[in-house]
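Q: Please construct the entire structure, taking both the sequences and the accompanying hints into account.
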Amino acid sequence: MTTTLAIGQPTNRVDGRHKVTGGAHYSADMLLGSMAYAVLVGARVPSGRITGIDTDEARQAGGVLAILTHENLPRIAAQPPLIPSLAGMPAPGQTFFPLQDEVVHYAGQPVAVVVADTLERAQHAGALLRVSYEETPSVTTIDQGREEAYEPEAIFAGFVPGRNTRGDVDAGLAQADVRIDATYTFAANNHNPIEPSATTAAWDGDQLTLHDATQGVAATQLTVAALLGLTPSKVRVLSHYVGGSFGCKAMIWAHPALAALAARRVGRPVRLALTREQMFTSVGHREEQEQRITLGADKEGRLTALRHHKLSPTSHFDDWAEPSLGVASQIYACKNYEGIYRLIRANTMTPTFMRAPGEASGMFALESTMDDLAHQLGIDPVELRLRNYSDTDPNTGNPWSSSGLRECYQRGAERFGWQRRNPEPRSHRDGNRLIGYGMATAGYPVYGPNNPQRARARLYADGTAVVQAATPDFGTGVATVMTQVTADALGLPVERCRFEGGDTTLPTIAAAVGSSGAGMISAAVHTAASNLRDQLIAQAVTDTQSPLHGADPGAVTVRDGRMMLRDAPETGESYGDLLHRNFLPDVEAAGSWSPSPQSTRYGMMTFGAQFAEVAVDPDLGVARVRRMVGAFAPGRVLNAKTARSQLMGGMLWGLGQALLEANFMDPRRGRWVASSLGDYLVPVNADAPEVEIDLIEVADDVVNPLGVKGVGEVGQVGAAAAIANAIHHATGRRIRKLPITIEDLL
Amino acid sequence: MSAPHVPSRAPAAAVLPERGPDPVTVTLSVNGADHTFDIEPRVSLLDALRERLAMTGAKKGCDQGTCGACTVWVDGRRVLACLTLAIACEGREVTTVEGLAEGDELHAMQSAFIEQDAFQCGYCTPGQIMSAVALLNEGHAADDAEIREWMSGNICRCAAYPHIRAAIRTVRDRTT
Amino acid sequence: MRPISYSRASAVADAVAAVAADPTSDFLAGGTTEVDLLRQNVLLPRRLVDINDLPLTQIEDRPDGGLYIGALARMSEVAEAPAVRERFPMVAQALVLGASAQLRNMASMGGNMMQRVRCGYFRDATSLCNKRDPGSGCSALDGFNRGHAVLGVSEHCIATHPSDVAVPLMALDARIHTEGPHGRQVYAIDDFFLLPGDTPHLEHPLAHGELVVGIEVPGLRMARDSRYLKVRDRESYEFALASVAAAVTMEDGVIRDVRLALGGVATKPWRARRAEEILRGAPAGTETFRRAAREELSAARSTPLNAFKTELAQRTMIRVLETLTSPESRPDPETPTESPS
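Residue numbers (UniProt numbering), protein chains in the order written: chain A, 1 to 746; chain B, 1 to 176; chain C, 1 to 341.
One or more hints might be untrue.
[Unchecked claim] Label pairs and their calculated CB-CB ranges: (1) C:S326 with B:N137: 36 to 44 Å; (2) A:T185 with C:R62: 30 to 38 Å; (3) A:G732 with C:E251: 38 to 46 Å; (4) A:T185 with C:G65: 49 to 57 Å; (5) C:G65 with B:E93: 36 to 44 Å; (6) C:R290 with A:G732: 37 to 45 Å; (7) B:G76 with A:D143: 48 to 56 Å.
I should point out that these hints are in silico values taken from the structure, not numbers from a laboratory. Here a beta-carbon is modelled for each residue, glycine too, at the ideal position from N, C-alpha and C.
A: Put into structure tokens, the structure is as follows:
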């Protein structure tokens with residue numbers, strides 16, 4: 001007798017109906033009684049101090065309820081340290097909270113919060129504030145700060161050392177037959193989910209409720225509680241629908257606490273929604289960066305040395321750089337390695353996670369250089385990578401918990417038609433377009449949480465189940481996937497299972513960041529639902545009235561809402577029969593999961609291979625991507641449909657990174673030049689080619705109970721390099737900057 | 001169209017009756033039902049729908065006409081509610097995503113979006129769907145190239161674009 | 001956005017009288033520029049006069065084979081009109097390549113002629129801008145000016161004119177009809193768009209309260225084979241980095257007549273008259289095209305960031321001319337040409 005498992009099925013999203021009817025309510029959709037509207041007013045200058053705030057005109061505008069500035073806002077109780085929200089602790093995006101004094105550190109830094117009875121009135125009053133500044137010189141670009149760069153002890157909130165070496169890189173370079181030294185530059189990027197960050201705050205006595213657009217309700221709860229000096233139990237955070245994040249809602253910025261303070265001040269619920277313009281100055285960004293790679297290889301293309309340095313601006317408060325050197329230091333066998341981060345103190349906010357933070361940029365540099373190496377040595381780019389394949393994590397020597405990378409190369413190449421590629425640049429044409437094929441390796445670490453992840457499962461006597469965990473679903477499909485996990489653990493049809501999340505009153509889950517969501521939440525949910533199943537079986541085998549009385553619990557299996565003997569399925573009963581007979585309206589169990597200690601003995605990485613075809617108009621300098629193929633080995637796939645969607649989204653993010661997405665500082669003014677979706681270009685429908693995805697399931701019993709390695713970010717890693725390499729193949733031009741735009745190809 | 005920005009309070013010509021700037025009573029017909037409420041003339045159609053009528057299907061993604069999340073129909077044509085003043089819609093018929101399904105029966109495009117997984121976070125989805133249905137009515141879905149171009153006014157940051165095209169193809173092929 | 005009052009007009013004379021009598025009133029048509037810039041606090045009218053009910057939506061044939069397009073005809077309606085598609089394909093192409101389907105349903109043809117620039121410093125009410133605040137200075141001159149103009153620039157303003165459809169209309173010698181406090185006027189399109197010079201805040205020769213009521217497109221047989229090519233970073237929903245509208249007639253390999261205009265590179269829709277002069281009577285061929293393009297852009301004044309547009313504009317001109325003069329590729333008016341991909 002075979003049973004189709006719910007896990008892996010391409011089940012439609014359980015929240016689909018709400019999303020297509022307008023019935024899904026996001027944080028700025030909450031309409032609370034007598035709600036007021038708050039707007040942020042940002043600093044016009046990048047550096048200096050506020051010398052005065054004239055609020056007279058704003059106060060006289062109709063409907064204004066409060067104007068909060070550093071002159072009247074209470075001081076925060078404490079500034080928590082910057083720790084990635086996956087750690088499960090308070091997680092401020094930067095260790096600076098605005099409106100505490102008159103100092104301005106970056107343009108756009110909030111200098112006032114204006115609250116009024118309607119949005120229009122709040123916005124207008126905000127524009128009427130007259131803030132005077134004494135401006136001081138600013139540094140906002142690499143070029144301005146290059147001379148003052150420093151090497152930090154650690155970056156990424158202390159999680160990544162500023163320097164990583166193995167072997168002797170100079171000796172490795174000396175013994176190389178081929179050396180390549182190349183510098184890559186990257187424009188800054190902004191996440192720009194289509195939902196701007198928003199918080200709706202309401203006080204009931206000393207109890208605060210926040211509807212917040214966040215990747216982790218607990219992260220918002222703990223951060224706001226710490227800033228306001230409240231016990232976490234007095235802060236409830238709800239986040240049922242989040243309109244995309246891509247990292248900008250992974251850390252907790254100032255606006256949720258400011259919304260709470262504003263609501264307390266006016267004695268009414270307050271909504272604070274960032275404007276699109278403020279999304280460029282309020283929620284972090286991927287920093288401008290420069291990466292230099294020096295690579296040595298023997299004649300066969302085997303790496304003998306890799307030196308990878310990065311230089312980037314950070315804020316005045318935090319040593320932050322996205323860890324661009326991480327995966328690039330691990331993906332190939334290379335004994336001699338040196339990676340060094342250097343930072344520049346600049347008048348920007350602290351940069352933050354942005355999809356594939358570090359991997360997307362670092363692997364662009366490495367994979368472009370590898371393509372260069374393949375070209376110089378006349379080795380096929382796929383073959384070159386196979387020659388440098390590593391069975392172990394080169395940083396530790398530990399074996400991979402699972403890999404699948406070789407299969408990714410092979411199946412990706414097959415599906416793409418890589419063998420049709422003539423290695424000679426400019427050898428493929430279609431009319432007046434030059435056609436190019438390019439590929440790159442993808443890799444993304446498997447991160448685990450630092451503390452137990454919890455879930456609760458409840459079965460009702462009618463045979464339906466609810467499983468709860470406090471995670472929001474910001475588009476990953478977690479709510480859908482967890483019903484599938486529950487269904488299999490309890491032996492129920494998926495339609496009879498429901499997932500509830502997005503509420504801090506539910507069992508605590510860390511913020512779903514770093515592609516860890518599916519793995520850690522499924523682990524908690526699977527544990528809870530399995531505990532519930534075991535509990536039910538235990539009750540049945542001890543219930544004299546049960547057909548299963550006296551059976552070995554290990555011999556009982558569950559299917560279609562029934563417990564039965566594995567070897568004699570006709571012997572058994574439904575959950576409902578057991579519960580009704582025992583006057584039980586429901587049965588509940590909790591589950592808790594932490595990464596297994598043995599995981600420290602393995603390297604854990606999700607691997608993939610990217611392939612892209614571009615068409616370049618050599619006269620007009622226009623490059624367009626014609627198709628993309630990605631093969632990924634993300635461990636176990638929980639839902640083929642939602643997993644493909646996430647990988648596809650990541651790959652198309654790679655397209656945006658390659659050809660479109662850029663923000664620059666105007667160094668004279670110390671302000672970002674792009675402040676709208678008309679200036680900061682993200683791909684539109686016409687840019688997006690068809691994307692093919694091959695899922696290669698690899699068994700992994702190390703990472704978590706279900707062997708899930710995550711699909712949220714690996715789709716972007718290597719995609720930009722595959723496109724740039726395809727542009728090289730098409731045109732013979734190696735462009736070492738992102739994005740690659742028309743002026744680079746004219 | 002521009003006028004010099006003179007922030008004075010010059011007397012208005014008496015030729016046309018003038019409403020506002022204080023709140024005025026307006027009546028909007030949305031999804032076939034009339035709604036009467038008081039708003040300032042500067043209130044956008046988007047904010048009127050969301051904040052006054054509690055119809056939050058149309059989303060605010062940019063408030064600048066650059067993303068398409070607020071797409072609704074006015075007199076049957078897809079437009080951006082963020083750059084439309086609510087008061088200017090008096091006497092016109094406004095249709096939002098809330099008006100698309102027939103009771104519990106989803107519009108074919110809504111079902112196709114679910115089936116094709118044409119969204120992830122869902123925030124741009126109401127706008128995508130209002131555009132997609134309009135696209136078929138306009139006759140601009142003959143092939144993928146046309147769909148791509150004519151759906152480019154709706155940004156999906158999750159980049160579900162290939163699946164959005166698949167959903168549109170499904171409905172097109174079923175109805176033609 | 002400041003508080004505003006609202007009036008709705010049903011007759012042109014009423015609308016004109018209302019706005020002309022009040023320096024703090026603006027017309028409101030599609031709203032795609034007006035409402036956007038109201039919210040940016042770049043435009044600060046006290047009152048809007050809604051003209052959407054005015055009877056100005058016609059698309060009419062003229063005896064000379066030309067068209068008269070009412071100012072309130074929407075971009076989408078004009079793009080779909082068979083007369084436009086057949087007789088002036090470059091106009092239909094430019095319209096369809098502009099903005100997005102939603103914006104084209106909203107934006108009126110008159111409003112398109114009146115749209116404001118997309119310069120980020122103009123749109124940011126806290127930056128210095130001679131267009132927004134005469135005499136205050138220009139932040140774009142040594143700011144981020146990759147998208148700014150290389151032709152028709154002055155030391156006071158280098159903002160690019162953003163319209164697509166105005167480019168083929170410039171090539172076609174369209175005429176802009178207005179009605180204002182001083183009665184009806186007709187402007188040659190070249191006179192309708194002013195160069196920034198010392199007065200970048202003056203973009204048109206219109207009096208306050210003077211309303212665009214229609215656009216007259218003179219008949220031009222060779223426009224039936226015309227083409228609009230737009231080059232941009234993003235495949236759609238973006239303003240041009242460079243665009244070219246062109247129509248050509250040939251006789252025995254020699255260019256008999258040509259119309260050529262540029263978009264995305266100049267402070268106004270740019271008629272390429274120098275290039276036209278060189279092309280007229282010259283043998284069709286890449287050499288000629290190259291010479292004409294080079295000559296047209298010889299007056300370009302660029303910055304390090306936008307210097308590529310000088311080259312891009314030339315190459316775009318050459319591409320369009322090659323396409324129009326190569327026997328095997330007649331432009332298909334049914335499918336507007338996307339930037340090449």
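Q: Which of the numbered hints are not met once you compare them with the structure shown?
A: The structure conflicts with hints 2 and 6, although it agrees with all the remaining ones.
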